[in-house]
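If you follow the hints, you should be able to join the two separate chains into one complex; please do so.
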Amino acid sequence: MSETAVWLSFVAAYGFMAAYVVTLVRRDRRLKAHRSED
Amino acid sequence: MKTRYVLSLLALAALGYGLYLSGQHPPDAVQGEYVRIINVHVPASWVAFLAFGGTLLGSLGWLATRRRRFDAFAAASAEVGVLFTALSLLSGMIWGQVTWGIAWDWGDARMASTALMFFIYLGYMGLRRGMPDETERAKRSAVIGVLGFLTVPLSYFSVNLFRSLHQTQSVRPDGWQIESGEIVTSMLINVAAYTLVYLVFVTWRTSQGMVPADTGVGSDLAGDAVVAPSLGGRDE
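Line by line, the protein sequences are chains G and R. Numbering-wise (the working numbering), the first sequence opens with residue 1 and increments by one. Numbering-wise (the working numbering), the second sequence opens with residue 1001 and increments by one.
Isolated chain R (complex conformation) (with noise of 0.2 Å):
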């Protein structure tokens, strides 16, 4: 709990400080102002790819331990990630809109990737939500959740696979896309801030899913949003 707190002031700060970096930079060369969506983009891109490795492991933890504290915490970080991606999925068609002239395009391999791993996590999070015996969903969701990160490096490494619409990678092994030293240093410092608050939310959520499942509280990892599908003839 004191973790969490301590975590959550360093997170805020760190957010804060992003933030006001985020106004301070000079504006792109190319990209005039709009150079400064990048510190909302690839901040919550990197985010939803580190929940979505989270989720790998956790998955990975209880198939080798069957503890219920790996299901946990691979089910919140998927929470998390889903949440991320859809923040990055929409700083990108705003970006899109205003620099292409176009918010999307499904024959954009870096889009319609994205859309996949965004849309393959939120039925993880429904197949939870619908299935009430807790260790079988434990181990349908870990294997979901092994398979399912094949479209993590499916959507990184599509803007090299498949030249298309949406450029390389800002921050590559080579170099950066980005001339000033200046945007780099603020993404960079939203990219550290944005993963503090990602530890907050997975440690904050896991440790609600740690509650017994039969207090009905807390335990539906899916998230209040996803509604539990109606059986027809089953008794509920």
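Bound conformation, chain G alone (with noise of 0.2 Å):
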């Protein structure tokens, strides 16, 4: 129990800033999608 409690709040640590980089990521490619547009 101790090891999957550990564990899981390094997964979540890295996962919410690992999805958070794919959000920065999506929104650049639709700005520079928008700006190829004009």
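The set of hints was computed from the structure by calculation and includes no laboratory data. Take the hints with a grain of salt, since some may be wrong.
What the hints assert, rightly or not - Looking from chain R toward chain G, a few residues come up when the C-beta cut is under 8 Å (computed): (1) E1033; (2) V1040; (3) A1044; (4) L1057; (5) L1090; (6) S1091; (7) I1144; (8) V1197; (9) R1205; (10) Q1208; (11) V1211.
Said to hold, decoys possible - Covered by chain R, according to a simulated footprint, are these stretches of chain G (three or more residues, beta-carbon under 8 Å): (12) 3-16; (13) 19-31.
As the list claims (entries may be wrong) - Simulated restraints on C-beta separations: (14) G:V11 with R:P1027: 15 to 25 Å; (15) R:Y1156 with G:V25: 28 to 38 Å; (16) R:R1068 with G:E3: 40 to 50 Å; (17) G:W7 with R:L1127: 32 to 42 Å; (18) R:G1032 with G:Y14: 14 to 24 Å; (19) G:A18 with R:I1102: 26 to 36 Å; (20) G:W7 with R:A1013: 20 to 30 Å; (21) G:V25 with R:D1133: 27 to 37 Å; (22) G:E37 with R:Y1156: 38 to 48 Å.
As the structure is a prediction and not an experimental result, all values here were calculated from the model. Heads up, the beta-carbon is just placed ideally off N, CA and C, and yes, glycines get one too.
Written as structure tokens, this is what we have:
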């Protein structure tokens, strides 16, 4: 149980950060696509 | 752009080193292996406070100068702050479940005040999402950005003001809560790493928020998870 709780915390931490990076990259791509339309 | 790449590399290296140290330090005499969660919980909580401090400064900056960059920075910092507050709450709940036997207790001042802080800044993001007028949005969110910051000292000092389940701060001017120097070093390296991650996220997100609002992309600083409320009788 102790290992599971510790692993869960670290997976959540790096998972949250990775997910946020994905949203930032996707938003960058949308911005780039919008600029190329102009 | 180049600064962000350098910061990103530094953040990745620091995160890697922090993760390595988190697995290397000895278990705590009282908490055992669970003490390793401190390497996530304390840095996430620190960055949440730092980020909402950034929102306060950005809001004050906008109120004083009306410059758009301050508004974009305040909103970006709030968004990153909400992310790390969620992580702080989640890691705290995991730690609470295995050590106290309870994941959540509304009677605990630290948990309740942190949840309040989380929902206020979530509301801040929702408000921005629902306001198309740029100046009005900046004005109203700046007011919330200033007033909302009151929840930060409330959350931080809640463990001193109200004695309940949550222990007092791990890092205090009069010393450490933790005996082992290795655990403290590991926690501080992770605090530094998470701070670098905050700087990367907030500069990146601020640059996206500086895009003119009429493009309809990147200016909705509330984030994709928040949907504007449907206002009845109003032309959308």
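Hints, one by one, checked against the model:
no.	hint	result
1	E1033	holds (4 Å)
2	V1040	holds (5 Å)
3	A1044	holds (7 Å)
4	L1057	violated (21 Å)
5	L1090	holds (5 Å)
6	S1091	holds (5 Å)
7	I1144	violated (22 Å)
8	V1197	holds (6 Å)
9	R1205	holds (7 Å)
10	Q1208	holds (5 Å)
11	V1211	holds (6 Å)
12	3-16	holds (count 10)
13	19-31	holds (count 7)
14	G:V11 with R:P1027: 15 to 25 Å	holds (20 Å)
15	R:Y1156 with G:V25: 28 to 38 Å	holds (33 Å)
16	R:R1068 with G:E3: 40 to 50 Å	holds (48 Å)
17	G:W7 with R:L1127: 32 to 42 Å	holds (37 Å)
18	R:G1032 with G:Y14: 14 to 24 Å	holds (23 Å)
19	G:A18 with R:I1102: 26 to 36 Å	holds (29 Å)
20	G:W7 with R:A1013: 20 to 30 Å	holds (22 Å)
21	G:V25 with R:D1133: 27 to 37 Å	holds (29 Å)
22	G:E37 with R:Y1156: 38 to 48 Å	holds (46 Å)
When the structure is compared with the earlier hints, violations turn up for hints 4, 7 and for no others.
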